[in-house]
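Peer 1: Starting from the known structure of chain A, fit chain B onto it as the hints suggest.
For the protein sequence lines, the chains are A and B, in the order given. Mapping of the first sequence onto our numbering: residues 1 to 535, in sequence order. Mapping of the second sequence onto our numbering: residues 1 to 535, in sequence order.
Rather than coming from a laboratory, the hints here were simulated on the basis of the structure. Keep in mind it's a predicted model, so treat the numbers as computed, not measured. Hints are supplied without guarantee of correctness; some may be wrong.
According to the in silico footprint, chain B covers these stretches of chain A (three or more CB under 8 Å from chain B) [what the hints assert, rightly or not]: (1) 68-81; (2) 197-206; (3) 244-252; (4) 332-340.
Every residue gets a Cβ at the ideal spot worked out from N, C-alpha and C, and that includes glycine.
2 protein chains.
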Amino acid sequence: MSHWSLVYLDYVPEEEGHREALCAVGNGYFVTRGAAAEAEADGVHYPGTYVAGLYDRLQSEVSGRTVENEDLVNVPNWLPLTFRVDGGPWFHIDEVAVLDYRLELDMRRGVYHRRVRCEDSEGRITQVNERRFVAMAHRHVAALELTVCPLNWSGRLTVRSSVDGTVVNDGVARYRDLEKRHLRTLATTAPSEDTILLEVETLQSKIRIAQAARTRIRPEGGSGDVPFDFVRETATADSRPSQDLTVDAAEGEPVVVEKVVSLFTSRDSAITDPGVEATKRVERCGTFEELLAAHVLAWDHLWKRFAIELGEGEGTRAALCLHIFHLLQTVSPNSLDVDAGIPARGWHGEAYRGHVFWDELFIFPFLNSRLPEITKSLLQYRFRRLPEAVWAACEAGYRGAMFPWQSASNGREETQTLHLNPKSGRWLADASHLQRHINLAVAYNVWQYWQATGDRNFLGSMGAELYLGICRFWASMTELDKVRGRYVIKGVMGPDEYHESYPGAETPGLDNNAYTNAMTAWVLAHGIEILDHVP
Amino acid sequence: MSHWSLVYLDYVPEEEGHREALCAVGNGYFVTRGAAAEAEADGVHYPGTYVAGLYDRLQSEVSGRTVENEDLVNVPNWLPLTFRVDGGPWFHIDEVAVLDYRLELDMRRGVYHRRVRCEDSEGRITQVNERRFVAMAHRHVAALELTVCPLNWSGRLTVRSSVDGTVVNDGVARYRDLEKRHLRTLATTAPSEDTILLEVETLQSKIRIAQAARTRIRPEGGSGDVPFDFVRETATADSRPSQDLTVDAAEGEPVVVEKVVSLFTSRDSAITDPGVEATKRVERCGTFEELLAAHVLAWDHLWKRFAIELGEGEGTRAALCLHIFHLLQTVSPNSLDVDAGIPARGWHGEAYRGHVFWDELFIFPFLNSRLPEITKSLLQYRFRRLPEAVWAACEAGYRGAMFPWQSASNGREETQTLHLNPKSGRWLADASHLQRHINLAVAYNVWQYWQATGDRNFLGSMGAELYLGICRFWASMTELDKVRGRYVIKGVMGPDEYHESYPGAETPGLDNNAYTNAMTAWVLAHGIEILDHVP
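Isolated chain A, as found in the complex:
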């Protein structure tokens, strides 16, 4: 076991949520939590798949108020793959005796492995091995392989492969009283013998999401070309299309099931329709092994650029590796053509609703020296929302551009201004949108990208406009304190979010927050240099 692997040797239900986040697999376009393939959301397990920048707004009634929240949407779960023997109960890790367990996240290759040896209530002992990945080499593809080996039995083995469109956003306990259903099913079909297709749409933003799943079965070692006697039954009646594949399984002879999935949305470019593209893509995909080889090569290339070798012991190496791994699953070359920012928690779950705060400040320096094209693409996320930021500044009585503390789909301020205290039942004002230093972060990031790349085209086409718009904002927000003879900035919240107003003050915000003031001086000073470089 090296720093490249995260390994768990026991199954602990209480830790599943945590492990699902740590063992998520993704490719910068979409991310899937490391939930057991056979599980549904049930308090222990929480399968979640999130597409970069795919949001939906819902209104909820909370204690007599209507609140609107914009969520990163939990899209249909492509994982479901389980089995049963002789018409018995479907395999579920919580319903069997776990004799041996090994969960490994192979970060070098970007592969999730789960190995379970278990015994069911009939005394049947089975080795269940699973491998899965979200393809770094194929933006719209993920794959899962399940190997079932009867250790002390023979019988009729039925494998069920499905896509679950009934999922909701239920991953965060304190959001649970809010509306959580973001999807409606548009169509459930079987475009070809081995493929099912689920098409859904978000309720408000009306983004269509299509997932096609191709499921094939073969004996271990078989290529799939040799005839293998099995029965396939397809069900497409509801929002969980499925295929059941039944074979005669013999003791000691592993059966391998390959599930290859393609995911497209109506936000993608170069498509005619997400359903058409998802179907076409799985039809054209090679085998699990072929996809895996390309995936591993893509990770190999990424690690060559991004690995940091410190040599200070396995603990440090492992931590660094884990952080870089999840960062690259959130943004990668697959993100280049996607309109998304850097969310606070990756696309790994629903915390902070997948909103974009100022975290890019800490991440861009890492990207700038390795693959600055990614930074540029992420700065475009801001540039596209510049008109909204200019409008926000104007509405607040300032000039220039005022980016929101929490940004999501269209760059509107997504920070709630009121929060219900669940204990007191009172609504409390939330002034965290006064963290105007987000604006400074955007300008700082433009400057850092420019310093790292010398990319004048960027400066001319968007960088300078972003930077100078932010300078104008600060120039209009600072005011001259005549007594001190110095400029001051009033009514902001610093990065220390625990201090949002003076004790007893009626209006929120602090004056002359050190971080904000220092960064403002820095940004304005460098603004003059930017002017010198605009083509």
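Peer 2: Here is chain B on its own, set in the frame of chain A:
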């Protein structure tokens, strides 16, 4: 009259179609034909608005066959603006006596002007002046101003402003037997007192298109702030929402109507929903004059970069100006974030269905030396469709990438393989997809962009992959003729489209087309150099 203006001093119904194309206004994101604002498609007039890269596929039954065509969609017409007096007939140029007429396309400022002095059947003489533009400074905005001056009458003047969602694709005579209805109406609403909103969706590609129109009325010289007595009636019952604004008009006192329109589609980035964005945008827009000032400034900046001064007489200057003007209406800084290529006829009409052929070969050199960011964005159109081109090559038995002769939404070959001869009623094979030189054009364009910019990031992130994929294709398509001791290329069609096969030959295509062979040699030779420059 300078080379900056295209002026017509008479109204000639038979020439309207031609003039509509020449007087189209656009901003690189959408283009609107220069149809009379009061007109519908009727054989003389053909209002058409097209959004860059917005296609839809329809199947038609033609003489017992099902053919599928992908069309550039004629989206709802935002122009309709007309008037009537005392409840009489609505003004239409074909229903009045035209006393004086002047149509001017002001290319320096990107403004369409129409001035009509006319007399109706009641002897009322009216001066009708119209100005319109598709805002170069605001990608999603267009505006139209109508000034009505009663010259010999006073009366109740009603102006009708609407958005027409009943339009179909009917602009090309020989496509008229095919299915032509691409839109269905989703919603027709009035989000605020002075604004109507029409939301439609394309039938197959399910792209939602929202158009919001804000209509205001004032006396000439009035700012809109002074109270002005008028009645507004809004109708949103069908696919043509409208507002009627009625005032008392007095002889010699011009009444001015401003219509500001915003157009968003579900393909846009930085949106939550096109309807929300379109509504928000018109609410935030300034007056016609303010929008015009920003528009003229944007054109001024463009002309500073793009004008070609030859000084060889007004005729040459006018021709150059007209060509550059329409090119910049098809691709501009507004195209940078749009997934579209260079269509054969601009976004000015339905000829060639808005498909993308090899025309970029002739256009990119002009862009490369002036605003290469546009070329890069257009090469991205190809790069996003590289997987489809790789698949096409593979299906045809070749390696590498084979781009289609006609490309539209997802990069599938859109060239029809059979055409119905309307005279003989026979289906004839069309081998024009054998114009494999399209591939050479893409490679050549990559090279030219690289030469013009030295943009290594481009080369590393997409240019080299595009170029070398094309090289691989040609390497696999050429074969060694052992008798001659030379490589040959068989079964292609050259740029001369009139020769597609040898007389009496059973299979189409020619061997060793000079252009294709020479360009292939050129592309392969430079491929070696590309390798030297990949980071």
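Peer 1: If a hint holds in the structure, say so; if it doesn't, say that too.
Peer 2: The hints, checked one at a time:
1. Beta-carbon proximity to chain B at under 8 Å applies to 1 residues in the segment 68-81 of chain A; the threshold of 3 is not reached and the given coverage is violated.
2. Residues of the segment 197-206 of chain A lying with their CB closer than 8 Å to a CB of chain B number 3, which satisfies the three-residue condition for coverage.
3. With 0 residues having a Cβ less than 8 Å from any Cβ of chain B, the segment 244-252 of chain A misses the three-residue criterion, and the hint is violated.
4. Restraint check on the segment 332-340 of chain A versus chain B: 4 residues with Cβ-Cβ distances below 8 Å, three needed, restraint holds.
The earlier numbered hints that this structure contradicts are 1, 3.
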